[in-house]
Amino acid sequence: MTPFDVPPDEMGIDPEIANEELEALLAGQGRDKNLDLTRFVDDLSTAFPASAPAAAAHLAAIANEAQLLADKGDPVARPASNAVAPVPQASRPPKRWRNTVKDKKARILIKVAAPVVALFAVLGIMGSAGALPRTLQHLTSHAAGFVGLDLPSGDDEGNDSTADDQGDENDQGDVKDATDQGDQNDQGDSTGSTDTSDQGDQNDQGESTSSDSTDQGDQNDQGDSTGSTDTSDQGDQNDQGDSTSSDSSDQGDQNDQGDSTGGSSGGSSENDQGDGGSSQDNQGDSSGDSGSGSSDSGSGSGSGDNQD
Amino acid sequence: MHEPVPDHSLREQFPRILAAACAGGEWAWHELYGAVAPQLTRYLRARGVPEPDDVVGETFVKVVRYIDGFEGDEAAFRTWVFTIGRNLVVDDLRKRSRRPVDVAPDEQLLKAAPRGDAEDEAMRDLATAHVEDVLAHLSVDQRDVLLLRILGDLTIGEIALVVGKKEGAVKMLQARGLAAIRRQISAGAVTL
Numbered sequence: 001m002t003p004f005d006v007p008p009d010e011m012g013i014d015p016e017i018a019n020e021e022l023e024a025l026l027a028g029q030g031r032d033k034n035l036d037l038t039r040f041v042d043d044l045s046t047a048f049p050a051s052a053p054a055a056a057a058h059l060a061a062i063a064n065e066a067q068l069l070a071d072k073g074d075p076v077a078r079p080a081s082n083a084v085a086p087v088p089q090a091s092r093p094p095k096r097w098r099n100t101v102k103d104k105k106a107r108i109l110i111k112v113a114a115p116v117v118a119l120f121a122v123l124g125i126m127g128s129a130g131a132l133p134r135t136l137q138h139l140t141s142h143a144a145g146f147v148g149l150d151l152p153s154g155d156d157e158g159n160d161s162t163a164d165d166q167g168d169e170n171d172q173g174d175v176k177d178a179t180d181q182g183d184q185n186d187q188g189d190s191t192g193s194t195d196t197s198d199q200g201d202q203n204d205q206g207e208s209t210s211s212d213s214t215d216q217g218d219q220n221d222q223g224d225s226t227g228s229t230d231t232s233d234q235g236d237q238n239d240q241g242d243s244t245s246s247d248s249s250d251q252g253d254q255n256d257q258g259d260s261t262g263g264s265s266g267g268s269s270e271n272d273q274g275d276g277g278s279s280q281d282n283q284g285d286s287s288g289d290s291g292s293g294s295s296d297s298g299s300g301s302g303s304g305d306n307q308d
Numbered sequence: 001m002h003e004p005v006p007d008h009s010l011r012e013q014f015p016r017i018l019a020a021a022c023a024g025g026e027w028a029w030h031e032l033y034g035a036v037a038p039q040l041t042r043y044l045r046a047r048g049v050p051e052p053d054d055v056v057g058e059t060f061v062k063v064v065r066y067i068d069g070f071e072g073d074e075a076a077f078r079t080w081v082f083t084i085g086r087n088l089v090v091d092d093l094r095k096r097s098r099r100p101v102d103v104a105p106d107e108q109l110l111k112a113a114p115r116g117d118a119e120d121e122a123m124r125d126l127a128t129a130h131v132e133d134v135l136a137h138l139s140v141d142q143r144d145v146l147l148l149r150i151l152g153d154l155t156i157g158e159i160a161l162v163v164g165k166k167e168g169a170v171k172m173l174q175a176r177g178l179a180a181i182r183r184q185i186s187a188g189a190v191t192l
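Listed in order, the protein sequences are those of chains L and C.
Take the first sequence: its letter number 110 is residue 110 in our numbering, and every next letter is one higher.
Take the second sequence: its letter number 85 is residue 85 in our numbering, and every next letter is one higher.
One should not assume that every hint holds.
[Said to hold, decoys possible] Cβ-Cβ distance ranges computed for the label pairs, FRET-style: (1) K166/C x N64/L: 35 to 41 Å; (2) A19/C x G28/L: 19 to 25 Å; (3) L109/L x D91/C: 41 to 47 Å; (4) A61/L x K166/C: 20 to 26 Å; (5) K104/L x V90/C: 30 to 36 Å; (6) E16/L x R65/C: 36 to 42 Å; (7) A113/L x G157/C: 20 to 26 Å; (8) A19/C x Q29/L: 46 to 52 Å; (9) N87/C x L119/L: 40 to 46 Å; (10) R65/C x P49/L: 28 to 34 Å; (11) D91/C x D103/L: 33 to 39 Å; (12) D36/L x K166/C: 39 to 45 Å.
Keep in mind the hints are simulated off the structure, nothing from the lab.
Predicted model only: the values in this text are computed from it and were never measured.
Backbone N, C-alpha and C define an ideal beta-carbon position, used for all residues, glycine too.
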């Protein structure tokens, strides 16, 4: 091999000259100049003659394939088939085109119908749950009525005795609470016959025979018994031991323990123990607190204040 | 004597025939088949393809299937058909290399069977043996280019498209193949 990786006997090869020689030979010229090559080309042509022995079978296969494609609607079936000789033309579009048109119509129908069906489904579900806005609920109920479905119309809210009782956890024993909202751990309300608008009680235990009205926000209110006429008692926390009191408008008591026979109408007491009113840091009061300040220090006619 | 290739060229008729074939005209397919199939068959036989007729049939089925995407003149059509046929052969060889088949192909059975005139048959067998011996000394690419040139009647440019090489590379392969043939003959290894 030479440094150029070309065999020594191929160093003088000129591809252009070789191409011209072969071209002339194939054209029947210069046969006497290249006898060896001429004989090789002749033998090659003799050994492998130009023939197609299976032409009939191939042409049948070609016709079959063309027919199959025509059935599928390929270009060979389109009306241009009379380019040379007239052939029967298809009077309808090719099958594939027909299928495409049908598919397109179906696709458009699906695109239009799917959102409508979804909308009706959502309205139906929400309407049956009564969760739609009032106007929409009314319309939905009215529309459903046409087909015999009975959906809430949105006009009948608050008519039943236990309606709107929302959010109670562990509520046991309520009998006739109306619009009782947000009670937690409310135990033992029995015959508390006329609780109205009782909101937000937590751990309210043992109220009996009371007639709290608009009692809001009581927490840990224990032992109210026969506190018969609490009205507008709001925000009591840890109020224990009220008995026979007649607090009215008692708001915001925290840790109020041991009230007895207090007949005052104070508000916003904190850590008030044993008083009957609504003083703050008032422990051990008994009977007669009638102040309404936030830091009650024995105002009014209170007697027996221990820590004023 | 070099056996002249029957002139099946369609020339100026080609565009009309192609349009008719695209439209499903059976007569047009006869014309196209007759113009290309004989050369393709002899090229495949010379390449040693086990069942060249099957490959030709499969090639034309593909041609029918994809004819609507074809654009070009007669030379381009011949090049396209040869490309399909050659690719089928390459695919077939690849498959056979993975799963060798020992069944004797039709070509070998036909060679073994008696075929008419005994003298002609003997001469043809002798020529075939000599040619195959010479071709066996060529590289695959050289043999491919020379067979496409001599038996397929393709030009250098068309061969370049079929084998996927540049024209210069094809010319070089052709020149080296011819030089190798000359060497074989002059060395006396093969008596033509």
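We went through each hint and held it up to the structure:
{"no.": "1", "hint": "K166/C x N64/L: 35 to 41 Å", "result": "holds (39 Å)"}
{"no.": "2", "hint": "A19/C x G28/L: 19 to 25 Å", "result": "violated (34 Å)"}
{"no.": "3", "hint": "L109/L x D91/C: 41 to 47 Å", "result": "holds (45 Å)"}
{"no.": "4", "hint": "A61/L x K166/C: 20 to 26 Å", "result": "violated (35 Å)"}
{"no.": "5", "hint": "K104/L x V90/C: 30 to 36 Å", "result": "violated (41 Å)"}
{"no.": "6", "hint": "E16/L x R65/C: 36 to 42 Å", "result": "holds (39 Å)"}
{"no.": "7", "hint": "A113/L x G157/C: 20 to 26 Å", "result": "violated (59 Å)"}
{"no.": "8", "hint": "A19/C x Q29/L: 46 to 52 Å", "result": "violated (37 Å)"}
{"no.": "9", "hint": "N87/C x L119/L: 40 to 46 Å", "result": "violated (56 Å)"}
{"no.": "10", "hint": "R65/C x P49/L: 28 to 34 Å", "result": "holds (29 Å)"}
{"no.": "11", "hint": "D91/C x D103/L: 33 to 39 Å", "result": "holds (35 Å)"}
{"no.": "12", "hint": "D36/L x K166/C: 39 to 45 Å", "result": "violated (29 Å)"}
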